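*Asks:* Sequence:
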Amino acid sequence: MHPSRRQFTLGALALGALGGLPCTAHAAAAAGYDYTARETFDLFDKVFHESGNGGQPTDTNEHGGLAWGQSYVLAGFIRMYEAYKDTHYLDRLTTNIDLVLANRDSVRGVKDYRGLSLPAWRAMAPYTAGRVTLEAADGTPLLEVRTALTYADNAVATVRAGTGEGRFTLEVKNNKTNLVATFPDLSLDPSAPDYAVRRIFDAFPTPTLVTARELRPSPSGNATPVLGPTPFTSQPVVFTVHTGMITYPMASFAKTVFRSPRLLAVPAYRRKAVEYLKAAREAAAVHDDEWRQTDDGHGYFVWNKGTPLGNDGTEQPTNQSLALGQTYAELAAATGDPFYRDRATRMARTFARELKVDADDAYVWTYWPTFGKVYSGFAKTDDVSEYTPSSNPGQGIEDLSHGAIDVEFAAAAFRNHLFYKGQDMARFARTYSKNLATTGGDGLPTAFQRVNGTGSTTSAGQYLQAPRWMAVAQWDDAVFSHSRSIYDARAVEPQLGSYLGCVAYLNWHARRGA
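Residue numbers for the sequence shown follow this note's numbering, so the first one is 1 and each next one is one higher.
Hints should not be assumed to be uniformly reliable.
Stated by the list, open to error - Computed Cβ-Cβ distance ranges for the label pairs, DEER-style:
| hint | residue 1 | residue 2 | range |
| --- | --- | --- | --- |
| 1 | G396 | G54 | 25 to 33 Å |
| 2 | K278 | G139 | 30 to 38 Å |
| 3 | G54 | T163 | 42 to 50 Å |
| 4 | R160 | V274 | 37 to 45 Å |
Just so you know, the hints here were simulated from the structure itself, not pulled from any lab data. Just so you know, these numbers come straight off a predicted model, no measurement behind them. Quick reminder that beta carbons are idealized off the backbone N, C-alpha and C, glycines included.
Taking the hints into account, I'd like the entire structure generated from these sequences.
*Replies:* Now the structure itself:
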């Protein structure tokens with residue numbers, strides 16, 4: 001029996017505001033959801049979009065709502081159409097995509113940190129570095145202070161009097177993390193041993209990851225900034241990963257229509273396919289200046305030095321590159337354009353180089369690419385990054401949620417005959433069934449945090465994303481049965497857009513199997 005709207009409401013009240021988190025087996029059984037039924041997806045679709053929860057198609061992406069919420073809803077509509085061939089899901093998709101496109105920076109008239117208004121979606125807090133400008137009493141800009149710690153919009157720079165003439169003390173505190181960095185008795189005289197830019201650089205890394213930049217064209221003398229607090233402003237950046245997550249379903253829609261004579265014969269779908277194809281191509285092109293490729297056939301994205309982010313000047317994490325790789329793979333299939341085919345293939349080859357085969361014949365890989373600067377670490381003398389002058393080696397293993405993006409890309413490349421073989425897909429499936437799938441101390445099915453079978457098993461932000469590995473479930477049905485059991489055991493409610501995408505994927509695999 002599928003729950004009515006009243007049943008859903010009562011169930012949500014019983015589970016409370018954290019209904020997506022672990023609950024008792026009794027509560028799970030009481031909810032009565034069949035996560036492989038289209039009625040469940042349709043109910044979740046209705047309730048989520050009426051809820052006003054973050055991730056609505058009308059949201060901006062200022063705080064990542066479109067990339068980490070609505071993108072999964074859009075992808076869910078694609079999977080539901082593939083499962084049932086009901087154009088209702090294409091209609092739902094076009095309704096939401098139109099709203100998402102209306103919030104591109106170029107339509108809203110907003111700009112990124114460079115002053116560019118682009119056909120994509122910028123983001124700020126909690127992801128980007130924050131800046132403040134310290135000024136003299138006459139308004140002359142003296143010093144730009146930056147904090148690369150996340151949630152920079154919760155940080156404040158406070159200037160206090162120093163112990164001598166021309167001296168001041170700078171405190172940078174993040175009120176969310178309660179971390180503080182204090183620099184006493186700074187000077188703005190470049191010849192002084194306590195010159196602020198140099199002192200702050202030498203002290204890096206401080207708790208709030210502070211750097212500073214001189215703003216005077218010809219700095220000299222002992223000018224001091226106005227005393228008092230100034231809040232930081234997180235800088236707007238268009239992220240490769242956000243663009244990829246948002247445009248992947250758009251490119252998939254175009255491919256679906258162009259490959260179906262029945263759909264292509266419908267003028268409305270044909271027009272939308274052309275429109276969304278154009279939008280996806282334009283958004284992807286925003287990141288062309290971040291693209292790097294090698295003579296031996298590899299390709300990936302970097303954050304250009306000076307981008308207001310931690311680790312600017314370095315290679316992007318694997319999932320952040322491959323998110324846009326998803327779009328490339330679908331654009332290649334939709335258009336036959338060798339440009340997208342080449343890029344998707346280069347990215348697939350780069351990712352393949354990162355994959356290690358473990359004792360269970362499963363794939364394991366790291367969050368940061370092993371050929372990159374963050375993985376190896378870098379020193380201030382390497383002059384790599386403006387906002388993060390130095391970095392310890394970042395060699396952590398990829399996690400379940402971000403790894404789902406990597407696997408989705410690999411499956412798209414395989415599906416569109418760009419790269420990878422069935423053996424690769426089987427190894428990705430075993431990454432889930434052999435490494436990630438487990439049972440928690442409470443007896444409920446759950447998943448490890450990392451793709452090598454390590455880390456927490458109690459993070460709902462990880463284990464509730466398990467159905468996003470469904471792209472490789474046909475190579476090992478345990479991917480489906482275990483991830484479904486996670487949802488069954490917890491009576492997951494439609495609080496997040498990603499949960500809609502997960503329910504769509506459970507429908508998709510169950511229908512395909514049937």
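*Asks:* Hint by hint, note whether the structure agrees.
*Replies:* Evaluation of the provided hints:
no.: 1; hint: G396 - G54: 25 to 33 Å; in the structure: holds (27 Å)
no.: 2; hint: K278 - G139: 30 to 38 Å; in the structure: violated (45 Å)
no.: 3; hint: G54 - T163: 42 to 50 Å; in the structure: holds (47 Å)
no.: 4; hint: R160 - V274: 37 to 45 Å; in the structure: violated (59 Å)
Going through the hint list in order, the structure does not satisfy hints 2 and 4.
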